Structure formats: structure tokens, C-alpha cells
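Visitor: If you want the building blocks of each chain, they are given just below.
Protein chains: 2
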Amino acid sequence: MEFLQEAKKASSIIAQLSTREKNRILLAMAQALVANTQAIEAQNRLDMEAGSANGLSTSMMDRLFLDAKRIEAMAQAIREIATLPDPVGRVLDGWVNEDELKIEKVSVPIGVIGIIYESRPNVTSDTAALCFKSGNACILKGGKEAQHSNTIIADMLQSVLVANALPKAIIALLPDTSREGVAHLVKQDKYVDLIIPRGGEALIRFVNENATVPVIKHDKGVCHIYVDKEVDLAQALPILHNAKVQRPGVCNAMETMLVDSAVAHDVLPPIKAMFDAAGTQLRGCARTRAIIEVGVANDEDFHTEHLANKLNIRIVDGVEGAIEHIATYGSGHSEAILTRDYATANRFIDSVDASACYINASTRFTDGGQFGFGAEVGISTSKLHARGPMGIEGLTTYKFKIYGSGQIRR
Amino acid sequence: MEFLQEAKKASSIIAQLSTREKNRILLAMAQALVANTQAIEAQNRLDMEAGSANGLSTSMMDRLFLDAKRIEAMAQAIREIATLPDPVGRVLDGWVNEDELKIEKVSVPIGVIGIIYESRPNVTSDTAALCFKSGNACILKGGKEAQHSNTIIADMLQSVLVANALPKAIIALLPDTSREGVAHLVKQDKYVDLIIPRGGEALIRFVNENATVPVIKHDKGVCHIYVDKEVDLAQALPILHNAKVQRPGVCNAMETMLVDSAVAHDVLPPIKAMFDAAGTQLRGCARTRAIIEVGVANDEDFHTEHLANKLNIRIVDGVEGAIEHIATYGSGHSEAILTRDYATANRFIDSVDASACYINASTRFTDGGQFGFGAEVGISTSKLHARGPMGIEGLTTYKFKIYGSGQIRR
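First to last, the protein sequences are chains A and B.
Okay, so the first sequence: first residue is 1 according to the working numbering, each after it adds one.
Okay, so the second sequence: first residue is 1 according to the working numbering, each after it adds one.
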């Protein structure tokens, strides 16, 4: 419990820090990581050895690995966060009420933010820096497999805090990293203001079921692209290719392509040829399989985020069929329509309930960097507070400051 | 489960309704309530008889009671909601990204909102109208004691929906009103997007502990006013009186007055005289009781929302002492400082973590109407999504609409 009280106290100290001070300390943190490259590499080796002994997959091992170049990239990410505008203290709105009270709505930090994430150790420094810049204390819970790396990274950042007479608890690692420790953390609504789980479905479900602290989920993406009968195929092919093939393992990649029955006979063969050349594994509904030779897509496939070069195909009857399919199977992440028809395009983006709705573009753009947010906290699949790509403004709330001159309520 | 699926479907229909249609239907709803005054009164009498038999308090009975005048007031509240600007479809932000995607951030309804409230039956029509205007379906769970009244009010509103070929499920009453029914509702994150509990601490704790759906709490207010050494006593006395005495039973009333030790000897006697004249029951800390004769305020008092003409008094050492007391005992609702000192005033409103922070004004202004919001959903004591007085914008979220011309991600 003591670390929670310390985090709460620390949050009121970091909340009062000036932009200049925060930026100066962030640059010192970047410097501390680079200066301690060898020590970080040594701790990372312990994680790599344990990972190897525990049979982590090659891709997991790659995500875990740190060298001088990756440590410099972590430092550079912190330097970039230092250059962002301070999201705290913005006057979001202001007016005078009927009693001549001057009311200002001003952005303030949220307080204490708990972040639960998996393997990559750079998330530790990224997240700590995002919370710091936005004036929040954070309690970080990284993956067990990156424990040594995360600990030394947090130590380095904390040493900069201490050198600046600030409490270490501004950037804390969760002391008990067991499932019970997490279950305990997410119930501490007296001390913790927000939990952000980033990871697999099981983790997010566990957090959501146990939390009394508000949660912003960074959940799965089951993204669709609907190929309308008025499609411009020459424009559509590169978009479909990009959305599936460029980086199949990310949440904004297309999982299911919906095709208007009115053009399915014409467009499916060239689309199949393109995906075959890209090595994409295709699976389709019965109507699809009557036109092109692909595997069977069942109901479960349509619910699944494959995170692989696999694509479901389903034939639907017009834009209404696409909207209906997405209402059933979509995860509210990113959905696109490819069409030349103005009314159909608007009908689609007005009706589909998702954080990002596209006309004639790849779903791969749903990303804080692509949106121009500078730094990304993540992509929220929650509807409240922050939805879709989430910049550091998402780590602030607001208060009303009311300037009176003796007003009483009549 | 069926009613949840119906609510979800209904939410996508109401979300697409034009402002003109929504306003026309709201006016018809107001008309339907007035036209059925006698039928509503008859059902209300059943609740009143049961309440009387069950020994409800006089104030509970008064809150429950409906007559022609109160039914007209309910209708008038709906008419006023019809005149508010539509919170849906506002372009909150818009820009062109580096790839020339046109990105618009547009307000949209949240979806299905569950609202759990207590005795007063007018909350049924107010809440239904607020959700309807903001394009949301609602599932309402009123107090058991108002069951007949709530049912006929919902019936009247639904009959207008049906007459306009809209699904009844846009405004639904929770079928199972037992605690189990509520526990079930707040776990339906597949169907319900937001839960707003309005009521006592026990209800709010129950909802928060059981919910997997996001919750916006409308919780208690333990509000403070700090009397600084630089106070203008002539201005301060009416503010203190107003904040405690005008309406002691509301959440924005003052519960604890903090007094700077530097002026306690001078200001406590006149303050006591004023509150004695107002029949306020005073209780103080040991330092207070060394100056004026009042009862004992213990630690529990400082945590309590009295909802009565009772006031705790505590002497603190300067603004820092006030900030510290509020950090421990405050509920994040409304806090005020009374001072002529510019730096002290700013230190207070910058440092105190509450939805509304006042300089030289009564805390009683924390209210959607006083803020000029037109209609109030309530006062949020949550920090995320909506904080403090919450207008109908608080019942919306946003989506990004992205207008492309063939962009793929590089």
C-alpha cells in the first residue's frame, strides 16, 4: 500500500512542475539512458538468457533485445516527447456566467496512471516519458520476461528524478508483478486514477473484469475494407494490398474484405491474383468460394484478429450489408469503404461505429504518428475519454477554475 | 438478454435521426405527458400509497409525489431540451495530414447508456430526453418506490416512439430491477457503453465494484471553503452563509470550513454568530474549540457529506495546510478560497484537485444550469471523459472520419 500513497503524493508534485523543468528533466533522462548503455545491455542479457532458456519465440526474443542502437532510439523518443507542446494548462474553454463569474476550463494531469504492458522494454521509457510530460505519476507493470531490462531503465529514470530533488515514485514499477499484484492494483481507485492495459485479449479481459479504476483499453483490431459496386479497381488494389500485406501483425491491418455482390464476379479474380502473389492466405464465405478458389472462412474467422498474412473474404449485398456485417463482427477500430459514389461513401462513414472510418484509403493510417499527434500513447478501443489514436492530451483531464468577486447563489 | 440486443439495435437507429426529427419527437413526448396527466397521477397514487404503507419519510414522499403542475414541469424540461443545440455531428477538429488525408474529428452518440437513479420520477423523463437528444438509447433503472410512476412515464414516451415508427427500445426500463438485475446490467459491456449511477454511496460502490461497463459517477460532495488570512470578511460572510445554509441537502454545499490560524481569533467569533443565527450546528477541531464554543469534529466528520445544516470547522496553517487537508478529505467536487491575495488565490486553485475550484465565490455554483449548460446530466465526480457539471456533450464521444483519394501507408 505504501507505494500507492507515495505515487499519489508524487502525482501532486509532478503536476505542479513547469514545462521548462519537465523538458529539462526529460532531456537528462535521455542522456542517462545513453550514458548507461553498457549497464542496460548487461541487464538485458540476463533477460535474453532467461528467454532463451524458457524457449521464447524468435519474434519475442527480437522484441526483447536491446543494443546501443535501440537504447539510442529510446533516448531519441524521450527527446521528441520533450519537444511536444505541454498538454497541461491549456485553457480549453472560458466564459462569463450570468452572475459574472469568470469560468475557465483548464487541462490538468489525470493523477496516477497504471500501465500494464508486455515484452518490449522500450515501452517502459516511452510510457514513463509520456506520463511525465503530461504531469502524471505512473505505475508500470511490464512483462516478466523483460524484468531486468525494465528495472534498470526505471532505475536510470528515477536517478534523474532524485538528482532533481523529485520523488522516485513519479515513475514506479509495480512491486508485485504477479496476477494478484495486478488484480490488487486495478482495484485501488483511491490512489490510481486510470489503468491502461496494452496486450492480449486475456490480459485486457482480466483487467476489465477486476478493475474499479477506470480503464482505457488498447484492444484488438478486426478491421474491414468494403469494396463497393462503384469501386475504382485501379485505386482499390494498392489500398487492399497495403492494408493486409504491408504489416500484417498490427492492429490496423485489414482482417476481412467485404465485397459488394454486384461486382464480386468482376473484382474477386484480380484481387485473388494480387493476394496470391503476396502469399496471402485467403478464406471466403460460400458465395465467395463459388467465384474464386479459396479456403473456408467460418464465423470464428470473422471474429478473429489474425495478426498474420491471412484474409477473410465475404460477399455482402451493398453498403447496408457491409454496415450490418461490421456491426456484428467489427471491434470498433478502423473500417474503410472503397467507392466513387458520394452518397454511399457518406452512408458508410456516418453509420459505421468505429474510432476511424475511411473513404478510399488504407486502414493502416490509424496511428498517432500518421495522424500527426507527435507521440502516441496507443490506440484506444474504448469509447469514453479517448477514442482511436491517443496523443498525450488523452493523459489529461480538466478542472473548472472560477474567478469570483463575492458571488452567492440566489 | 433480448432487451440488451434490442437496445443496441435501437441505438444505431436513434444515432442516425436528424436534429429536426429528434426535436419534433421530443415536443410530442412533452405533449403526451401533459395529455395523460390523469393517468400518470393515478399510477403515482399507487406509489404514494405503497410509500405511505412502507413508512417513507416526508421528504421521500415529497420527492415521489406528482400532480398536474409537476407533470407540466416535466413536459417543460423536455421542451427545453428540444431547444438545445444538437451535440451530435459537431466537427470538433479537422486537419490534413502529411499524406493529404482529410481527417475530421466528429462528435457521435455514445450508444447505449444505462442510468441508475433513485426516487424522483421526473428523472425518468429528464434522462430519457437528454439521452434522446444526444442520439443515445437508454436503459433506465429508477427507484422501486417510484415503479408505477416510472413505468407509465416510460410508456407515454415509448408510445410517441412507436407512433413515429421508432423502436420502443430507444427508451427502455430495466426489466429486472433487483440488485441482481443491476449487477447483470453493469457487466454487459458488449451491449452497454456507459453506466451513470446517481444515488447514495452504497449504490455507487456496488456499481463500481461490479461494472465492466465504463462508469461515470455522480457521487458525494465534501466541499471546503478556506478562509485565508487575507480574507475580506465583509465579502466572506455572505459566501459562507450561502454555501452552507441556502440549501444544505445538496452536493455542492460546504461541509467543512478551513480557517487560517493567522486570523482564526479574529474571524471565528463573527462567523460563529452568523451561523448560530442560521441554526447551523457547528463542530470544530481542538484549535477551533480553544477559540469558540462548538461541538467536537472528529476524523469521520471531516470525511462526511452531512446533507444537513451542520458544519465542520478546522484551523489550518496557511494555504498549504488547506491544500493538504483537502487532498486528504476532499471528494474532488468543489473547493473555494476566500482571499484578497493574488498569489495565494492562484496557488490554491492551481493545486487543489477538484472539478471546480473557486476564488471568492460560493461553491453552490457548481451546477450545469449556473454554468450555462442549458441542461445538466449531473455532476461528475469521475475524472475521465466528463468532470464536474456535465451537459449533453458529455453523452457524446467522437469518431475520426478520414477522406482519402487512394492513400496507402509507406
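Treat the hints with caution; some may be incorrect.
Each pair may be met inside one copy or between any two copies, as identical chains are not told apart.
Unchecked claim - Listed next, the in silico EDC-like pairs over lysine to aspartate or glutamate satisfying Cα-Cα at most 20 Å (straight line):
1) K144 to E393
2) K22 to D317
3) K168 to D155
4) K102 to D367
5) K105 to E393
6) K272 to D99
7) K144 to D155
No wet-lab data here; the hints were simulated from the structure.
Bear in mind that the values here come from a model prediction, so they are computed numbers and not experimental data.
Visitor: Indicate, hint by hint, whether the structure satisfies it.
Guide: Comparing the hints with the structure gives:
With identical chains, the CA atoms of K144 and E393 are never at most 20 Å apart, being 29 Å at best within one copy and 42 Å at best between copies. With identical chains, the CA atoms of K22 and D317 are never at most 20 Å apart, being 55 Å at best within one copy and 30 Å at best between copies. Proximity of K168 and D155 under a CA criterion of 20 Å is satisfied intra-copy only: 9 Å inside one chain copy versus 58 Å between copies. Taking the shortest alpha-carbon separations for K102 and D367, only the inter-copy value of 14 Å comes in at or below 20 Å, while the best intra-copy value is 38 Å.
Taking identical chains as interchangeable, the C-alpha atoms of K105 and E393 lie at most 20 Å apart whether they share a chain (14 Å) or sit on different chains (14 Å). Taking the closest pair of Cα atoms, K272 and D99 never come within 20 Å of each other, the shortest separation being 68 Å inside a single copy and 28 Å across copies. In this homomeric assembly, K144 and D155 come within 20 Å of each other (Cα to Cα) only inside a single copy, at 17 Å, whereas the closest approach across copies is 55 Å.
Taken one by one, the earlier hints fail for this structure at numbers 1, 2, 6, listed in ascending order.
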